[in-house]
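Participant: The lines below spell out each chain.
Number of protein chains: 2
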Amino acid sequence: MQAEEIGLKQIGIVGLGLMGGSLALALKKSGSECRFLGLDHNPKHCQEALDLGLVDEIVDSLDALSHCDIIVLTIPVDGIIAVAQQLKPANPNTTVIDFGSTKAKISASIPTTTRHFFVTAHPMTGTEKFGPTAALPDLYKGKVVVLCDIEKSGKVQQETAKALFQRLGMKMVFMGAEEHDRHAAFISHMPHALSFALANAVMRQEDPESIVALAGGGFKDMSRIAKSSPSMWEDIFRQNKTNLIDAIEAFEKELKMCRNMVENEEWKALNGWMQEANSLHDIL
Amino acid sequence: MQAEEIGLKQIGIVGLGLMGGSLALALKKSGSECRFLGLDHNPKHCQEALDLGLVDEIVDSLDALSHCDIIVLTIPVDGIIAVAQQLKPANPNTTVIDFGSTKAKISASIPTTTRHFFVTAHPMTGTEKFGPTAALPDLYKGKVVVLCDIEKSGKVQQETAKALFQRLGMKMVFMGAEEHDRHAAFISHMPHALSFALANAVMRQEDPESIVALAGGGFKDMSRIAKSSPSMWEDIFRQNKTNLIDAIEAFEKELKMCRNMVENEEWKALNGWMQEANSLHDIL
Numbered sequence: 018m019q020a021e022e023i024g025l026k027q028i029g030i031v032g033l034g035l036m037g038g039s040l041a042l043a044l045k046k047s048g049s050e051c052r053f054l055g056l057d058h059n060p061k062h063c064q065e066a067l068d069l070g071l072v073d074e075i076v077d078s079l080d081a082l083s084h085c086d087i088i089v090l091t092i093p094v095d096g097i098i099a100v101a102q103q104l105k106p107a108n109p110n111t112t113v114i115d116f117g118s119t120k121a122k123i124s125a126s127i128p129t130t131t132r133h134f135f136v137t138a139h140p141m142t143g144t145e146k147f148g149p150t151a152a153l154p155d156l157y158k159g160k161v162v163v164l165c166d167i168e169k170s171g172k173v174q175q176e177t178a179k180a181l182f183q184r185l186g187m188k189m190v191f192m193g194a195e196e197h198d199r200h201a202a203f204i205s206h207m208p209h210a211l212s213f214a215l216a217n218a219v220m221r222q223e224d225p226e227s228i229v230a231l232a233g234g235g236f237k238d239m240s241r242i243a244k245s246s247p248s249m250w251e252d253i254f255r256q257n258k259t260n261l262i263d264a265i266e267a268f269e270k271e272l273k274m275c276r277n278m279v280e281n282e283e284w285k286a287l288n289g290w291m292q293e294a295n296s297l298h299d300i301l
Numbered sequence: 018m019q020a021e022e023i024g025l026k027q028i029g030i031v032g033l034g035l036m037g038g039s040l041a042l043a044l045k046k047s048g049s050e051c052r053f054l055g056l057d058h059n060p061k062h063c064q065e066a067l068d069l070g071l072v073d074e075i076v077d078s079l080d081a082l083s084h085c086d087i088i089v090l091t092i093p094v095d096g097i098i099a100v101a102q103q104l105k106p107a108n109p110n111t112t113v114i115d116f117g118s119t120k121a122k123i124s125a126s127i128p129t130t131t132r133h134f135f136v137t138a139h140p141m142t143g144t145e146k147f148g149p150t151a152a153l154p155d156l157y158k159g160k161v162v163v164l165c166d167i168e169k170s171g172k173v174q175q176e177t178a179k180a181l182f183q184r185l186g187m188k189m190v191f192m193g194a195e196e197h198d199r200h201a202a203f204i205s206h207m208p209h210a211l212s213f214a215l216a217n218a219v220m221r222q223e224d225p226e227s228i229v230a231l232a233g234g235g236f237k238d239m240s241r242i243a244k245s246s247p248s249m250w251e252d253i254f255r256q257n258k259t260n261l262i263d264a265i266e267a268f269e270k271e272l273k274m275c276r277n278m279v280e281n282e283e284w285k286a287l288n289g290w291m292q293e294a295n296s297l298h299d300i301l
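Chains E and F, in that order, are what the protein sequence lines are.
Everything in the first sequence is counted per the working numbering, starting at 18 for the first residue and increasing by one.
Everything in the second sequence is counted per the working numbering, starting at 18 for the first residue and increasing by one.
Just chain E, same shape as in the assembly (with noise of 0.2 Å):
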C-alpha cells in the first residue's frame, strides 16, 4: 500500500495526548481525509481534543474502535499492555500500531491470537509538556521511528504502518524488540533519569531559587526533561529495569571517573575524558 492510498479511514487514537493529538494534526496538515475517533479516560482531555479539532467524536469504550482501519496507542506502556489484552479488531486489515517507549515487554505481551494486528513502534520524538494542549502538527517531521519485531506483524499490518510513517514524514529504522529497549535506555531512559536527578540535587539545596536564577542555556537544556510526566516515565522505569540499570551503571562509572580526576587532579587525563566525550558529535 502506498502513503497516497490511506485516504478516507477511520482512525482511532487512544490516549489524546502529545503523541495523539501530535498525530491527527499532522494528517490532517498532511491532507489526509481521515475520521478520527478518540478515547480518553480523562473527561478534560476528551473535551479539550473535541474543541481544539484534533478529533471528530469522542467514543467511550475501545468496543467503539473495533472497525477503525488504524488504532493508535499513544497512552503510558502499562495501559498499552492492558489495553492490547481487550483490543479486538472486528475487521481482519485492521492495523493496532502502539507507540510506547518501550517494546520488549509490549511486544510480549499482545495475545497470539490477536499479534498480527499489531505495529510494535517507537516514534523518537516528544516535548516534556503533556495533554491534547500539547500537540504539534510537526512533532512526528523528520524524526526517527524505530519498528519492532516488525516480522510478527500481518503484511497488511506491515503495509499499513509503513505508509502511515511515511506519510508522517518519518525516518523508519527496524530493530528487535530487545535491541531497541538496549539502545534506548541509553539515549532516552537514563538520560531522564539523570534530568530528574539534576534538578532534585539543585531543589534539595538551602537556597534553590538563588541557585536557578543564574541558569543559563546549559542548564535548561540539561533540566527540560525533568518536567515530564511522572506516571508516564514510572511505567516507563518498570519496564525497562534492568536496561535503565545497566545505562545507569555506565553513566554512574563515567561520573566517578570524572569526579576522581578532578579529586586527583589529574587535568590532562580529565581533559582527554572530554575530548573523547567531544567524539560523541562526530556521529550524532
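The hints are simulated quantities; they were obtained by calculation from the structure and are not laboratory data.
There's no promise every hint is true.
Because identical chains cannot be distinguished in the list, a pair is counted as satisfied if it fits within a single copy or across any two copies.
[As the list claims (entries may be wrong)] Keeping only pairs whose Cα atoms sit at most 16 Å apart, straight-line, the calculated EDC-like set for lysine to aspartate or glutamate is:
id, residue 1, residue 2
1, K285, D95
2, K237, E145
3, K172, D86
4, K45, D263
5, K244, D299
6, K146, D299
7, K179, E168
8, K258, E282
9, K237, D299
Given the coordinates of chain E, assemble chain F onto it according to the supplied hints.
Facilitator: Same frame as chain E, now just chain F:
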C-alpha cells in the same frame, strides 16, 4: 554614567572567541561607536575576527591595550589569572572586566595595586561552539550576568561595567565570588560534567552509532554541552574543584536514590521523587 554615555570608546578584547566576538557584535548592533582592538594568541582567530568585522585592529601585546577605556577578558579562567598579574592600565579610568566562569580564585588573584581597575563578572550565557565564527549578536541579550565582589572595584569601574551590561540588555545580579562559585557549580559546572559523562557512557558501548541513530530531542539537549572545549573546562574544573565535587556528590546521591528505587521496585516512591523534580520548573 548612563549607557548612552558609552560613546566613541576604545574597547580591548582579549580572547577573540564566542564570548569576545559576540560582545563586539552586540555593541556594534546597539549603535555604539566603539573602536575594537583584539588580542589573541591564535593567529587564525585574529584573522577571522578581522575578516568577520568583529574587531578593527589586532594588537600583539597587553601593553597596546593600556590606554583602552574598557578591556574585556574573554579567555579561559587560568588565562584570566595570568593576564591579571600583568595588566597595568595607563588610564586611571580604564575598566577591566573578566568574563570567567569561576570567580573566587580570579577575584583573589588580582594584585591589590590594580584591583580597583577590575570588575569580575560572569555572563550566564554561551553555546557549545567556540572561536570567532561562533559569535552571535544576541548572545547576551536578556541573559543574567553575575557581578562579584563589586565593592572591590573602583566607583568609575563599577559604573562603566553596569552601563556596559545595561547596553547589552543583561539582567545584573550581585553576589560575593565564593557564593557565585557554589551556585555556578550546581547550575553550570556539574551539569557540564554530567553531559561529558553521558556522552562517554554512550561512546563506550559496543555499537554507539546504532544507539545514537535513535537520538531524539531529549538526548540531543542533554549531550549538547558535551561538545564544549576541553581546555576551557579543564581550567574551570580546576578552579572550582571543591564546589564541583560537592555538586557532583549531591547529584550522585539523587541518582543512587533513583537507581535503588528502580532496583527495589519502589514505584510509588519513584513517582514521588519525579514529582519533586517537576517542581524545579515552578521556579525556573
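Participant: The structure should be examined with respect to each hint, and the outcome stated for every one.
Facilitator: Status of each hint after checking the structure:
1. With identical chains, the CA atoms of K285 and D95 are at most 16 Å apart between copies only, with a shortest distance of 15 Å across copies and 47 Å within one.
2. Both within a single protomer and between protomers do K237 and E145 lie at most 16 Å apart by alpha-carbon distance, with minima of 12 Å and 14 Å respectively.
3. With identical chains, the CA atoms of K172 and D86 are at most 16 Å apart within one copy only, with a shortest distance of 14 Å there and 75 Å across copies.
4. Proximity of K45 and D263 under a CA criterion of 16 Å is satisfied in neither setting, with 41 Å inside one chain copy and 51 Å between copies.
5. Taking the shortest alpha-carbon separations for K244 and D299, only the inter-copy value of 10 Å comes in at or below 16 Å, while the best intra-copy value is 29 Å.
6. Only between protomers do K146 and D299 lie at most 16 Å apart by alpha-carbon distance; the minimum there is 14 Å, versus 30 Å within a single protomer.
7. For the homomeric pair K179 and E168, the shortest alpha-carbon distance inside one copy (13 Å) is at most 16 Å, but the shortest distance between copies (66 Å) is not.
8. For the homomeric pair K258 and E282, the shortest alpha-carbon distance between copies (9 Å) is at most 16 Å, but the shortest distance inside one copy (36 Å) is not.
9. When the C-alpha separation of K237 and D299 is checked against a cutoff of 16 Å, the pair qualifies only between copies, where the shortest distance is 13 Å, while the shortest distance within a copy is 24 Å.
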